[in-house]
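If you're matching them up, the sequences are chains A and B in order.
By the numbering used here, the letter at position 170 of the first sequence is numbered 165, and the numbering carries on one by one without gaps.
By the numbering used here, the letter at position 340 of the second sequence is numbered 335, and the numbering carries on one by one without gaps.
Don't take each hint at face value.
Repeated chains share a single entry, so a pair holds when one copy, or any two copies, can fit it.
[Said to hold, decoys possible] Under the rule of at most 30 Å between Cα atoms (straight-line distance), these lysine-lysine pairs were calculated in the DSSO-like manner:
#: 1; residue 1: Lys239; residue 2: Lys299
#: 2; residue 1: Lys60; residue 2: Lys299
#: 3; residue 1: Lys326; residue 2: Lys19
#: 4; residue 1: Lys241; residue 2: Lys299
#: 5; residue 1: Lys299; residue 2: Lys41
#: 6; residue 1: Lys239; residue 2: Lys19
#: 7; residue 1: Lys299; residue 2: Lys66
#: 8; residue 1: Lys241; residue 2: Lys17
#: 9; residue 1: Lys299; residue 2: Lys326
#: 10; residue 1: Lys19; residue 2: Lys235
#: 11; residue 1: Lys66; residue 2: Lys326
In case anyone wonders, no lab produced these hints; they're calculated from the structure.
Protein chains: 2
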Amino acid sequence: MQENNSIGIVAPQIAHFSAPLKLKSGESLPQFDLVYETYGTLNADKSNAVIICHALSGNHHVAGKYQESDKYPGWWDNLIGPNKPLDTNRFFVIGLNNLGGCHGSSGPASINPATNKPWGSTFPILTVEDWVDSQARLLDYLGITQLAAVIGGSLGGMQALQWTIAYPERVRYALIIAAAPNLTAQNMAFNEVARQAIITDPEFHGGDYYAHGVVPRRGLRIARMLGHITYLSDDAMGEKFGRKLKDTIKYSFDVEFEMESYLRDQGDKFAGEFDANTYLRMTRALDYSDPALPFNGDLSAALKNVTAQFLVLSFTSDWRFSPARSREIVKALLDNERTVSYAEVTAAHGHDAFLMPDAHYHAILRTYLSNIETGCNHAK
Amino acid sequence: MQENNSIGIVAPQIAHFSAPLKLKSGESLPQFDLVYETYGTLNADKSNAVIICHALSGNHHVAGKYQESDKYPGWWDNLIGPNKPLDTNRFFVIGLNNLGGCHGSSGPASINPATNKPWGSTFPILTVEDWVDSQARLLDYLGITQLAAVIGGSLGGMQALQWTIAYPERVRYALIIAAAPNLTAQNMAFNEVARQAIITDPEFHGGDYYAHGVVPRRGLRIARMLGHITYLSDDAMGEKFGRKLKDTIKYSFDVEFEMESYLRDQGDKFAGEFDANTYLRMTRALDYSDPALPFNGDLSAALKNVTAQFLVLSFTSDWRFSPARSREIVKALLDNERTVSYAEVTAAHGHDAFLMPDAHYHAILRTYLSNIETGCNHAK
Chain A
-4 MQENNSIGIV APQIAHFSAP LKLKSGESLP QFDLVYETYG TLNADKSNAV
46 IICHALSGNH HVAGKYQESD KYPGWWDNLI GPNKPLDTNR FFVIGLNNLG
96 GCHGSSGPAS INPATNKPWG STFPILTVED WVDSQARLLD YLGITQLAAV
146 IGGSLGGMQA LQWTIAYPER VRYALIIAAA PNLTAQNMAF NEVARQAIIT
196 DPEFHGGDYY AHGVVPRRGL RIARMLGHIT YLSDDAMGEK FGRKLKDTIK
246 YSFDVEFEME SYLRDQGDKF AGEFDANTYL RMTRALDYSD PALPFNGDLS
296 AALKNVTAQF LVLSFTSDWR FSPARSREIV KALLDNERTV SYAEVTAAHG
346 HDAFLMPDAH YHAILRTYLS NIETGCNHAK
Chain B
-4 MQENNSIGIV APQIAHFSAP LKLKSGESLP QFDLVYETYG TLNADKSNAV
46 IICHALSGNH HVAGKYQESD KYPGWWDNLI GPNKPLDTNR FFVIGLNNLG
96 GCHGSSGPAS INPATNKPWG STFPILTVED WVDSQARLLD YLGITQLAAV
146 IGGSLGGMQA LQWTIAYPER VRYALIIAAA PNLTAQNMAF NEVARQAIIT
196 DPEFHGGDYY AHGVVPRRGL RIARMLGHIT YLSDDAMGEK FGRKLKDTIK
246 YSFDVEFEME SYLRDQGDKF AGEFDANTYL RMTRALDYSD PALPFNGDLS
296 AALKNVTAQF LVLSFTSDWR FSPARSREIV KALLDNERTV SYAEVTAAHG
346 HDAFLMPDAH YHAILRTYLS NIETGCNHAK
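In isolation and in its complexed conformation, chain A is listed as follows:
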């Protein structure tokens, strides 16, 4: 059945932007590329576009496969496709790799045209605001004035919220999933440990490891292992691994428990694929994101000018971005008399639940999205 409603074979595209992008840090990027994919068909009045904002380690390959033999489809394939909750018979869906990423958009590993060398440590530190600005540039490039919806989970949800603040007239609906108005001190502390593991890896070379032909693999591996603990709930880890031994106890520092094997595998895999400089920048953008900061911490004031309608959704076992944090967003929207639906989904999987095809969760998304009007010219 999954096969029958898959979007099928997809291909990435590259958009080049030659006008500079001014960044929140004061720096600016003279030019940049964004790699993106689209699914479904843009309708005649261009009213059915949905942008997907990705989280820390996500990218533009959101649904479908590049070739039939691919082991896995895009990272949110369970959500997106013909007759899926985000129905590509109705919507034109855009996935992109955030600026600073390592999957095709301009990032630290890209060549800086001014030096003809990888940017490395000199690639700017980006913010959620910068990402949304660059995404707006992508919409301009595609000729889309207004989004039917912006959707994101986790860090992606923080971008979705920023869309409604920075470009209220360009967003009709915002789906903010497993997110928060900002990180707690504990969230930021986990990010800091991950960054310090990378930065103190002797092969980091101050961020200019490309020139040395090495990567700070050890640090990135530790960062990812740690990340995985925070994506799963204590209960989910207990259910999945518990205290299960690989074998009899060997009294060693080798793998003794199954959970150790899982974490090491996840860390090794990630360290072989992802760019450490991108990881540093993604975590920093998370740390900085705080729409209420210019309003003395008053989130209601920060959301005063939003006009979108909202679905805010959280998961009971998510201890990284707990339901209480989602309710802060809901409250601030209600303070402004905005239209907001809120769902707190009972799910055991912790923060990672936003990526899983939980029936209740998907039913909520399906219903909400089916009520979004896409004009009379949609491509069904």
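Chain B: place on chain A using the hints.
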């Protein structure tokens, strides 16, 4: 007032054991030293001895100072002294550094008499059971047949529980604070990340870094930073640091938030003082500790032969060893019709609360300990 009831100036002592200690791993230590301190006076019938079992990074210096100019007293000084909750006018208190430690007891940095070189990677991996066996040897050495009480928090509490299982006739009271019958998968996962940070540090040299004149400081620093996150509650971190900036945002990977500065300082300090091989062994002992394992997970069966009376105490905000885990111990004791008091203290500080002089917490300990009889010959 603190000064008036301080135990004052104390001094460590060394006990040497020349008979081998058989370990749970099958190995045995041919001989070993334990460094310890005592506070108060052993009474004539030797019925007033209390042993303090330490946690992951603790040691034998539990109370008092070595000299007036010491910046800090022992790590549980707020609990122990004349007229303090653990009153040294009544009790003879013993603190020791666990075997495998790095504060004077035989450990990985000690000289292996068989090779005249540091043990390093060849120092055995110890268990909670081994520690309690070595502590029983220390009692023999001191001529003490039975403890009035064994007290421990966190990993120390797991040792206190093991005392009642392995030596039921030698323990009258057990105070098990902020502990658990075993680690959850999440607890073990944090330990694994910490160990991998140490082991993959290029200066670890397979555990034999002493010979290279280096220490795996980077890895140990990461391990400690991570540990600190788990010792504090999310709320406590929020209250202590929140999102407070050190200065204006600099858009860098240097310290931006106060919490980052705190974590780095804690990590640096620890990495300069503690031995990485000891840290590895302490976390492994935590992982392995599971009295119910030989009983197919049935903790009640594991505690069938205990005879001590128990105080089990937990803290509401402790997410590392949550109150639910303490209640598992209470339930298993009640299943065996043992005498057990249970207190769940409302405290904001997370796991670290067991080290803090919370008034309610200390009042419970004071009352419980004051009801422990110490014979007619006590040295008041």
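Outcome of the hint check:
Taking the shortest Cα distances, Lys239 and Lys299 sit within 30 Å of each other only across copies (24 Å), while inside one copy they are farther apart (51 Å). Neither within a single protomer nor between protomers do Lys60 and Lys299 lie at most 30 Å apart by alpha-carbon distance, with minima of 41 Å and 58 Å respectively. Taking the shortest alpha-carbon separations for Lys326 and Lys19, only the intra-copy value of 27 Å comes in at or below 30 Å, while the best inter-copy value is 56 Å. In this assembly of identical chains, Lys241 and Lys299 lie within 30 Å of each other by CA distance solely across copies; the values are 29 Å between and 55 Å within a copy.
For the identical chains of this complex, Lys299 and Lys41 are intra-copy neighbours only, at 27 Å inside a copy versus 72 Å across copies, given an alpha-carbon limit of 30 Å. Proximity of Lys239 and Lys19 under a CA criterion of 30 Å is satisfied inter-copy only: 19 Å between copies versus 48 Å inside one chain copy. In the homo-oligomer, the alpha carbons of Lys299 and Lys66 never lie at most 30 Å apart, since the shortest distance is 45 Å inside one protomer and 52 Å across protomers. In this assembly of identical chains, the alpha carbons of Lys241 and Lys17 lie at most 30 Å apart only when taken from different copies (25 Å versus 52 Å within one copy).
In this assembly of identical chains, the alpha carbons of Lys299 and Lys326 lie at most 30 Å apart only when taken from the same copy (12 Å versus 52 Å across copies). For a Cα distance limit of 30 Å, the shortest separation of Lys19 from Lys235 across copies, 28 Å, qualifies, whereas the shortest one inside one copy, 42 Å, does not. When the C-alpha separation of Lys66 and Lys326 is checked against a cutoff of 30 Å, the pair qualifies neither within a copy, at 42 Å, nor between copies, at 48 Å.
In this structure, the earlier hints numbered 2, 7, 11 are contradicted, and the remaining ones agree with it.
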